[in-house]
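Visitor: Given next are the chains, with one letter for each unit.
Number of protein chains: 2
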Amino acid sequence: MSSVDHERAGFIGRGWRWLKGSIVKLRDKVVEVARKTKKLGQDDPRRIIHSLKAGLAVSLVSLLYYFKPLYGGFGVSTMYAVLTVVVVFEFSVGATLGRGLNRGLATMLAGALGLGAHYLANLPGRTGQPILLVLFVFLLAAAVSFVRFFPKMKARYDYGLLIFMLTFCLVSITGYQDKEVLDLAHKRLSTILIGSATAVFVSICICPVWAGDDLHKLVSGNVEKLGNFLEGFAGEYFKVPGDGESRDNKTFLQGYRSILTSKNSEDSLTNFARWEPRHGRFRFRHPWKQYQKIGSLTRQCAYHIEALIIYPYPDIEASAEIQRQIQDACTKMSTESGKALKELASAIKSMTKPSSVNTHIVNSKTAAKALKFLLKTSSCEDFVLLEVMPTAMVAAQLEEVITCVEKIAESVHELASLAHFKDAKPEQKPALGQPQQLQQTMQQFSGIEGPHHIITINGSSAVLPEVPIQECGTVVHVTNTDIIKGSKAKTNVREMRQYLSF
Amino acid sequence: MSSVDHERAGFIGRGWRWLKGSIVKLRDKVVEVARKTKKLGQDDPRRIIHSLKAGLAVSLVSLLYYFKPLYGGFGVSTMYAVLTVVVVFEFSVGATLGRGLNRGLATMLAGALGLGAHYLANLPGRTGQPILLVLFVFLLAAAVSFVRFFPKMKARYDYGLLIFMLTFCLVSITGYQDKEVLDLAHKRLSTILIGSATAVFVSICICPVWAGDDLHKLVSGNVEKLGNFLEGFAGEYFKVPGDGESRDNKTFLQGYRSILTSKNSEDSLTNFARWEPRHGRFRFRHPWKQYQKIGSLTRQCAYHIEALIIYPYPDIEASAEIQRQIQDACTKMSTESGKALKELASAIKSMTKPSSVNTHIVNSKTAAKALKFLLKTSSCEDFVLLEVMPTAMVAAQLEEVITCVEKIAESVHELASLAHFKDAKPEQKPALGQPQQLQQTMQQFSGIEGPHHIITINGSSAVLPEVPIQECGTVVHVTNTDIIKGSKAKTNVREMRQYLSF
Numbered sequence: 001m002s003s004v005d006h007e008r009a010g011f012i013g014r015g016w017r018w019l020k021g022s023i024v025k026l027r028d029k030v031v032e033v034a035r036k037t038k039k040l041g042q043d044d045p046r047r048i049i050h051s052l053k054a055g056l057a058v059s060l061v062s063l064l065y066y067f068k069p070l071y072g073g074f075g076v077s078t079m080y081a082v083l084t085v086v087v088v089f090e091f092s093v094g095a096t097l098g099r100g101l102n103r104g105l106a107t108m109l110a111g112a113l114g115l116g117a118h119y120l121a122n123l124p125g126r127t128g129q130p131i132l133l134v135l136f137v138f139l140l141a142a143a144v145s146f147v148r149f150f151p152k153m154k155a156r157y158d159y160g161l162l163i164f165m166l167t168f169c170l171v172s173i174t175g176y177q178d179k180e181v182l183d184l185a186h187k188r189l190s191t192i193l194i195g196s197a198t199a200v201f202v203s204i205c206i207c208p209v210w211a212g213d214d215l216h217k218l219v220s221g222n223v224e225k226l227g228n229f230l231e232g233f234a235g236e237y238f239k240v241p242g243d244g245e246s247r248d249n250k251t252f253l254q255g256y257r258s259i260l261t262s263k264n265s266e267d268s269l270t271n272f273a274r275w276e277p278r279h280g281r282f283r284f285r286h287p288w289k290q291y292q293k294i295g296s297l298t299r300q301c302a303y304h305i306e307a308l309i310i311y312p313y314p315d316i317e318a319s320a321e322i323q324r325q326i327q328d329a330c331t332k333m334s335t336e337s338g339k340a341l342k343e344l345a346s347a348i349k350s351m352t353k354p355s356s357v358n359t360h361i362v363n364s365k366t367a368a369k370a371l372k373f374l375l376k377t378s379s380c381e382d383f384v385l386l387e388v389m390p391t392a393m394v395a396a397q398l399e400e401v402i403t404c405v406e407k408i409a410e411s412v413h414e415l416a417s418l419a420h421f422k423d424a425k426p427e428q429k430p431a432l433g434q435p436q437q438l439q440q441t442m443q444q445f446s447g448i449e450g451p452h453h454i455i456t457i458n459g460s461s462a463v464l465p466e467v468p469i470q471e472c473g474t475v476v477h478v479t480n481t482d483i484i485k486g487s488k489a490k491t492n493v494r495e496m497r498q499y500l501s502f
Numbered sequence: 001m002s003s004v005d006h007e008r009a010g011f012i013g014r015g016w017r018w019l020k021g022s023i024v025k026l027r028d029k030v031v032e033v034a035r036k037t038k039k040l041g042q043d044d045p046r047r048i049i050h051s052l053k054a055g056l057a058v059s060l061v062s063l064l065y066y067f068k069p070l071y072g073g074f075g076v077s078t079m080y081a082v083l084t085v086v087v088v089f090e091f092s093v094g095a096t097l098g099r100g101l102n103r104g105l106a107t108m109l110a111g112a113l114g115l116g117a118h119y120l121a122n123l124p125g126r127t128g129q130p131i132l133l134v135l136f137v138f139l140l141a142a143a144v145s146f147v148r149f150f151p152k153m154k155a156r157y158d159y160g161l162l163i164f165m166l167t168f169c170l171v172s173i174t175g176y177q178d179k180e181v182l183d184l185a186h187k188r189l190s191t192i193l194i195g196s197a198t199a200v201f202v203s204i205c206i207c208p209v210w211a212g213d214d215l216h217k218l219v220s221g222n223v224e225k226l227g228n229f230l231e232g233f234a235g236e237y238f239k240v241p242g243d244g245e246s247r248d249n250k251t252f253l254q255g256y257r258s259i260l261t262s263k264n265s266e267d268s269l270t271n272f273a274r275w276e277p278r279h280g281r282f283r284f285r286h287p288w289k290q291y292q293k294i295g296s297l298t299r300q301c302a303y304h305i306e307a308l309i310i311y312p313y314p315d316i317e318a319s320a321e322i323q324r325q326i327q328d329a330c331t332k333m334s335t336e337s338g339k340a341l342k343e344l345a346s347a348i349k350s351m352t353k354p355s356s357v358n359t360h361i362v363n364s365k366t367a368a369k370a371l372k373f374l375l376k377t378s379s380c381e382d383f384v385l386l387e388v389m390p391t392a393m394v395a396a397q398l399e400e401v402i403t404c405v406e407k408i409a410e411s412v413h414e415l416a417s418l419a420h421f422k423d424a425k426p427e428q429k430p431a432l433g434q435p436q437q438l439q440q441t442m443q444q445f446s447g448i449e450g451p452h453h454i455i456t457i458n459g460s461s462a463v464l465p466e467v468p469i470q471e472c473g474t475v476v477h478v479t480n481t482d483i484i485k486g487s488k489a490k491t492n493v494r495e496m497r498q499y500l501s502f
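Listed in order, the protein sequences are those of chains A and B.
Sequential numbering of the first sequence, starting at 1, is according to our numbering.
Sequential numbering of the second sequence, starting at 1, is according to our numbering.
Just chain A, same shape as in the assembly:
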């Protein structure tokens, strides 16, 4: 073989390898895109339906071109119908309606204003007209551009403002060239109306996607996620790992994370939902804003959980008795507030007034109070600060979580009254002030059996065990009688007040 042949063979070989490599890369790319497409469709099959609906809406309005009587009437303006459908058709009914109304109203208003501007500009005569018109266009475009910076206008009317500016410019300026402006305006408005109507019709009549429904599900789902997390948290967190189990496996803790970034979806869904008519269980003026409020409180709670799970797992083997007691209290706090949240979520879902939520909240608050009392009074002879710390920190964060849960409950109650939720079974009386339950709780967390006395300070009740309360270094024997009469008791009464106001 000559060197030229060699060179040629080498060239062909390189070319072949390059081609093979490219084909493999292309195949990988295609496979990846196919996988992503499948995932997108599986995650929310409504996406596929939406795409088919969009195709249908555009095809329907395209047919206008083939109806000679209509096309003859509208002429080239027919394209505005197609344009409108393409631009207006959105995923949810609310978004479609919002864009359709924005487009229709803005076109009408701007058209009228444009004609007015054109008429005004004609007054001073043929030379002044172009100057006046350009001045009008400048002023209006500048003003509308500025109005688009207002957050409220941006959220609801941004598209309308754009169309307003567009139509005003087109009508006022082309008016100068075209004398048949009224006829044109009429045709455009009609075609835009037809396009909007087609989009809204397809959007509502074929598998409608209601933004309000989505918002309702998103918010109640988020509350439920938090509830699930809190219910399972303490059990998982304080569990002694079995064989082969890793303590580093925090995947069970990840469910709530999507809440941290749900603000945008909530905001846009609220905006869309406000355009929607009565549907399903929702009235026209359903209090959608209240969902935003609940959503932001839920997110606040998720921030605390984000801070909660950073604490390292406590060293169970090295645990002292007090650690076990704190853990019991934490488990109670977290489980009860989890139950309260799940109850709230199911109340939102079924649109009934929440019933036993307050009981759960009061239970968790009682556990928190008992814990605070325990920490304040227990001796620290048998534990090292650093060992108890993680557990105690979890307890402190859980207290914050409970405060959040209370606020969420409040705003769900507000929603229930605003949206006229159905009555469920009558609400149980809160457990605070029920001596029997408080007795049990105190017994559970103080680990002290036997009778407890209940004293009342400023109308709130608390339970004190008839046993020594130890403080670091010294041991102070206090009974409830002491508290009421003794001089040492004054301090204790102050402490009790602090504990009660907690």
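Because the hints were derived from the structure by calculation, they are not lab data.
Just so you know, not all the hints are guaranteed correct.
Put simply, identical chains are the same to the list, so a pair is met inside one copy or across any two.
What the hints assert, rightly or not - Subject to a maximum C-alpha distance of 20 Å in a straight line, what follows is the list of computed DMTMM-like cross-link-like pairs (lysine to aspartate or glutamate):
1) K263 x E306
2) K407 x E306
3) K422 x E7
4) K152 x D44
5) K407 x D328
6) K422 x E236
7) K154 x E32
8) K339 x D43
9) K20 x E231
10) K353 x D328
11) K154 x D43
12) K152 x D43
13) K349 x E406
14) K372 x E400
15) K154 x D267
16) K407 x E32
17) K339 x E231
18) K154 x D44
19) K29 x D213
20) K152 x D28
21) K25 x E410
22) K152 x E32
Remember, it's a predicted structure, so these values are computed and weren't measured experimentally.
For this one, chain A is given, so just place chain B on it according to the hints.
Guide: Just chain B, lined up with the frame of chain A:
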């Protein structure tokens, strides 16, 4: 006066009151809108300039109508120039360029594809054509609607996809009616080009707003805000309030809060910045994605701060010696990490490589280690757990903050190398492993004067004071010699390892 007169007088009176009330309401509304407008303008004067620029761009392109030679050539297609300017002109150069390119490319591609579809549909003859065309439109609209669900496509090409769908439908269908389709396509493309060019010209040449600049400032500003917060935090938090000062006044803590919700701005600015050409200190392919990474780490840090400031102010009067020591450590940790962040922020701002950041980070980590050691070994005879808790919790959160700061520093270093930042003065050697400094720190936080011995386990160094280390209940005398030889020492070595791995 007759009863009719009375009635009439009452009616007039009511009418007058209603009118007065309405006028007052209207006046209040106008005043409020004026106030908001002024605030919008003052917050960012570029908004006013942008509005004027938008007005100018639209006016400029309107002039096309008055140039007879041009208008004669383009005819009604002139309106596409106006339409393009209105739709394409955005606040930043990047956004304007992105929309302009999207619009231009999508129109061209869709136009060509539409013509192809039209040609294909003509093949089977006059009856098959409308059916085929509507089928094409349906398929393309459905496909493009689905592609818009891909997050990456949505972020960068959403507008282009919309225009693509729009143009394809218009060209393929109107092609059926209009034989001069090539001429029309040429006119439309030219006017769209003129419109886009006008928008881009005005956007770049008159007071340009670069999205990249904004992103750069936003991210470095957020890092600086965190730094300011951390530098001032400990001082404010542990300060004993003077006369007339309220401890509940947490306004100084609010500066960082805007970081929590800055994700959206960062994401959209990054998308816009990627369209921008070389400007100022930024190359065409500046690593904008890295800013997103720094931004998300900053937000992570802000979440921890959000969790940090929920702890109640510690009760300074009741503070024990250990509390003062923990507070000193916290102050050091927070101040040093604050300094590190401010150094990073100014490095990003001046686009130089950060120099003394590592020293600050190592200082704060040393303080954290000393604190952990203190907590692990100190006796708890003279404090109540609940009193030390808030301070100890602040310490734990600060540890997390330091971890975050370290990650931020890493990604800023990465940015510096990706974007070829200028060299500053050479970086100082990290202080870890500098026995002198560690000695001082240990002395400062353990409160124990005198010589400390340094032992080395697995290559890391630590300092142990030559004094009794007390554990709760029992007192264990440990010297560094014990640690190295004794049997009791084994446990302590394990503990030391834990402490060192912390």
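Visitor: Compare the structure with each hint and give your call.
Guide: For each hint, the structure was consulted:
{"no.": "1", "hint": "K263 x E306", "result": "both (16 Å within a copy, 17 Å between copies)"}
{"no.": "2", "hint": "K407 x E306", "result": "both (18 Å within a copy, 18 Å between copies)"}
{"no.": "3", "hint": "K422 x E7", "result": "neither (85 Å within a copy, 46 Å between copies)"}
{"no.": "4", "hint": "K152 x D44", "result": "between (30 Å within a copy, 17 Å between copies)"}
{"no.": "5", "hint": "K407 x D328", "result": "neither (24 Å within a copy, 35 Å between copies)"}
{"no.": "6", "hint": "K422 x E236", "result": "neither (36 Å within a copy, 50 Å between copies)"}
{"no.": "7", "hint": "K154 x E32", "result": "between (37 Å within a copy, 18 Å between copies)"}
{"no.": "8", "hint": "K339 x D43", "result": "neither (28 Å within a copy, 45 Å between copies)"}
{"no.": "9", "hint": "K20 x E231", "result": "neither (55 Å within a copy, 59 Å between copies)"}
{"no.": "10", "hint": "K353 x D328", "result": "neither (31 Å within a copy, 51 Å between copies)"}
{"no.": "11", "hint": "K154 x D43", "result": "between (30 Å within a copy, 17 Å between copies)"}
{"no.": "12", "hint": "K152 x D43", "result": "between (32 Å within a copy, 16 Å between copies)"}
{"no.": "13", "hint": "K349 x E406", "result": "within (19 Å within a copy, 43 Å between copies)"}
{"no.": "14", "hint": "K372 x E400", "result": "within (13 Å within a copy, 25 Å between copies)"}
{"no.": "15", "hint": "K154 x D267", "result": "both (12 Å within a copy, 18 Å between copies)"}
{"no.": "16", "hint": "K407 x E32", "result": "neither (45 Å within a copy, 31 Å between copies)"}
{"no.": "17", "hint": "K339 x E231", "result": "within (7 Å within a copy, 40 Å between copies)"}
{"no.": "18", "hint": "K154 x D44", "result": "between (28 Å within a copy, 16 Å between copies)"}
{"no.": "19", "hint": "K29 x D213", "result": "neither (37 Å within a copy, 34 Å between copies)"}
{"no.": "20", "hint": "K152 x D28", "result": "between (46 Å within a copy, 18 Å between copies)"}
{"no.": "21", "hint": "K25 x E410", "result": "neither (56 Å within a copy, 33 Å between copies)"}
{"no.": "22", "hint": "K152 x E32", "result": "between (40 Å within a copy, 14 Å between copies)"}
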